[in-house]
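**Student:** Sequence:
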Amino acid sequence: MEKVDLSKYRLRPEDLRWTCDPATFPFECTDELERLQGFVGQDRAFAAIEFGLRMDRPGYNLFVVGPSGTGRAAAVRACIERVLEEKKKAGLLPPVMDWCYVFNFDNPDRPRVLRFPRGEGRTFARLLETLLKNLREIIPKAFSSDEYKNQRQILIDEHQKRHRQILQELEREALEEGFAFRMTSMGPILVPLYEGKPMTQEQYLALSEAEKEVIENRRQKLLNRINEVFERIHQLEMDLKNRVAELDARIADFTITPLFRELLDRYANFPEVTEFLTSLKQFTLSYLHIFRDSQEAPAQPQHLAPYQRFQDPFLPFKVNVFVDNSATETPPVILETHPTWTNLFGRIERRAFMGTYFSDHTMLKAGSLHQANGGYVIMYFRDLVVNPGVWEGLKRVLKNREIRMEDPFEHFGLIAPQGLRPDPLPFDAKVILIGDEYVYRLLTIFDEDFRDLFKVKVEFDSEVQKSQDIVTAFACFIRRLCLEEGLLPFDRSGVAKLLEHAARMVSHKEKLTTRFGILRDIVLEADFWAREEKAERVYDRHVVRALESRKKRLNLLAEKIDAFIKEDVLLIDTEGAVVGQVNGLAVYDLGDFSFGRPSRITARTYLGRQGVVNIERESRLSGRIHDKGVLIMSGYLGYRYAQDKPLSIAASICFEQSYEGVEGDSASLAEACAILSDLAGVPLRQDIAVTGSINQKGEVQAIGGVNQKIEGFFRACKMKGLTGTQGVIIPRSNVQHLMLDEEVVAAVREGRFHVYAVSSVDEAMEILTGIPAGKRKEDGTFEEGTLNDLVDRKIRKALELLQRLEGRPEGEKPKEERRENEEQRDQQ
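Numbered per the working numbering, the sequence shown spans residues 1 to 828.
Rather than coming from a laboratory, the hints here were simulated on the basis of the structure.
Certain hints may be false.
[Said to hold, decoys possible] SDA-like mimics (lysine to any residue), calculated; alpha carbons at most 25 Å apart, straight line: (1) LYS212 x GLN235; (2) LYS197 x ARG164; (3) LYS318 x TRP391; (4) LYS221 x GLN235; (5) LYS455 x PHE51; (6) LYS8 x LYS697; (7) LYS455 x VAL385; (8) LYS149 x ASP248; (9) LYS365 x LEU335; (10) LYS365 x TRP391; (11) LYS395 x TYR440; (12) LYS560 x ASP592; (13) LYS697 x GLY608; (14) LYS457 x LYS560; (15) LYS794 x ARG604; (16) LYS318 x ALA142.
Model, not experiment: these values are computed from the prediction.
Make the full structure from the sequences, and use the hints.
**Tutor:** Listed below in structure tokens is the structure:
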């Protein structure tokens, strides 16, 4: 039989790795490349960000997706800065506003919010402080002036004069009725007279009953008259009080009007402010006593409004500059790294007093949404969603376009002590959330509000197509990073080595990673090793050492598995040939480190009709994708060998010494080879490992982690001794993904290791057995002596044996199948 030519499958060393030539890129960074600052290849994301920032319509907030390390937050900030700079040059920047909370005279538990131009909020607060200071100085002076005292004394004297006249008239009327009128601390009394003198008790008792009755009748008449007179006196006192109050108000209004007029004129174009100042003036006139008594506020004023009891009597004059933008000229850009309820929506502080708590408008504190109003707020969705209620609260803000400051106690159904309900603050800002693709899809499917509130999706790619401009941009990124961080300059060889690693990170020879956060760490570590060596520049050897050091810190588990293979604890053959046994390849992904390891796969075939039995599945160690791969392989076997006969065999496949879950379909090629080997009775080479998935037509499809898998088997072969015949079979569609370790490439170059690329199961079997696969002839059989012919003969022989064992003539259908056909005919 003719020997299979393996050279047509064997890859050349130059196929296994892209090597960057340092001479292909200059260190001449243009302004455009400098501007990228590590955002190479993110044109799609930049276009989406700029659209979202310029689209001034409700709901056009941004949700940024992409892997970490691609500079999502920094890119968003860079775009915002550029958009603001362009708007500033064009004179289209929106005005930046200050927001203040002030006292609400109609409802003190609902503080009012006022809006001011940038910097005016602090000025307004300072003006009210000055106003209060002036009022406390001039009002006492106005009421201590001689003019005021004279006018007040005139009113009092007039009142006293009329009061005396009324009492004198009352005394005269009492004398006419024979009584003496006296005022005591207990009130007015009437004493009967006898011969012009007050009657004694003995004289009164000596009177007859008729005389006493006459006296009492006159007394009662005078008492009624006294009541009428005292009502007139009370009316006079009320009239005096009102006239004095009118005088006080007139004096106070004359005194304070110039002070308030200055403020009213200043804020004439702000109706809400003038309304507040008018109410504040009325408050001053209504509570003059807190200004008149002394220039210091009384400890506990006795005649305050109910809402001021136990509080600062001058509270209405205090302004809470809630959001102060006096120090910024452009719309604010806030990056909220800890979006709790209070950090985002603000909080209401409280003071303890006599066993209870109280709040006022000065104890309101702004959150990130308040501070970002009119600008931009950036948050990580993961940080936001872990805080209870925050996501729903944010959606309410975006839907209603206003921020209501609510107490967290009330939000979660608890009772808040003396809670305020401040007026809502209008909200107009871009909210930019940073998350991942999976979360975005879940929100799109399950959150009905998400689509309406975040209409702009920004996708950051983790890789970029390699080109001369991109390579130069990477070099400029490294150069800029060295300048910013004070690192040693990179030699061209160091840059080239880092670029090769950038290609290896995405497992593609024609692409580079855009996860600049990881590349930045490698640059820093390479600088460290260069300084340890006291080198003047960072060369390729320093980058290699940084990568090896990083690998050494993370590969403890890989080394332990390698030791198990070396000690034959894990049984892996790297020499010889065995029927129904093949070395498969798996990848362990630890998050920050991944590595490959070989795994022995065995298959056994026997008579039966149950098809392929997946031992991993039966023992519940198989994932859904692996189960799918086994079923696809079963479909391939039926498609390939059961076109003219039933597939009257059963097969069991197993990952030997596997005690954890098995997932993925990259072992389906190896499993198919093991089954075909056992059917044909042809041994498979153990010095060649296999990876790849297949479809139902037997075509080999690409898999992930191809570099780690090849390197994993190379390590195993190296530990057991390289023979010069060992290698790995991979899908041909994975050749473009090869960025193998330089040690593996060197071994291939020297002929000590080989990498084979295949497109079908037949090609893989030819490499593993050295026997031609064979094509199907017109009569349905395969070329004699080929692998497929051996498999086909085995299946036909199994069918004959199975039919004889079932005791029925050759070609007759089994009882179960005949019964099913009869039932189908009856139904029809």
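**Student:** Taking the hints in turn, state whether each one holds.
**Tutor:** We went through each hint and held it up to the structure:
Between LYS212 and GLN235, the direct Cα distance comes to roughly 34 Å. Violation of the 25 Å bound is thereby established for this hinted pair. A distance of roughly 23 Å separates the Cα atoms of LYS197 and ARG164; the hinted pair therefore holds under the 25 Å criterion. Restraint check: the Cα-Cα separation between LYS318 and TRP391 comes to about 34 Å, which exceeds 25 Å; the hinted pair is violated. In summary, the hint linking LYS221 to GLN235 is supported, as the alpha carbons are separated by about 22 Å, within the 25 Å threshold.
About 11 Å separates the Cα atoms of LYS455 and PHE51, which keeps this hinted pair within 25 Å; it holds. Annotation: proposed proximity of LYS8 to LYS697 holds, straight-line Cα distance about 22 Å (limit 25 Å). Between the alpha carbons of LYS455 and VAL385 the distance comes to roughly 19 Å, so the proposed pair stays at or under 25 Å and holds. Taking the CA atoms of LYS149 and ASP248, the gap is near 11 Å; set against the 25 Å cutoff, the hint holds.
With a CA separation close to 18 Å, the supplied pair LYS365 and LEU335 stays within the 25 Å bound. Taking the CA atoms of LYS365 and TRP391, the gap is about 20 Å. The hint holds against a cut of 25 Å. At most 25 Å may separate the alpha-carbon atoms for a hinted pair to count; LYS395 and TYR440 meet this at roughly 15 Å. Of the supplied pair hints, the one linking LYS560 and ASP592 holds, its CA atoms being roughly 17 Å apart against a limit of 25 Å.
Between LYS697 and GLY608 the CA atoms are separated by roughly 23 Å; this keeps the pair inside 25 Å, and the hint holds. Proximity of LYS457 to LYS560 is assessed by CA-CA distance (about 44 Å); at most 25 Å being required, the pair is judged violated. Between the alpha carbons of LYS794 and ARG604 the distance comes to roughly 13 Å, so the proposed pair stays at or under 25 Å and holds. Restraint check for LYS318 and ALA142: the C-alpha separation of about 24 Å stays at or below 25 Å, so the hint holds.
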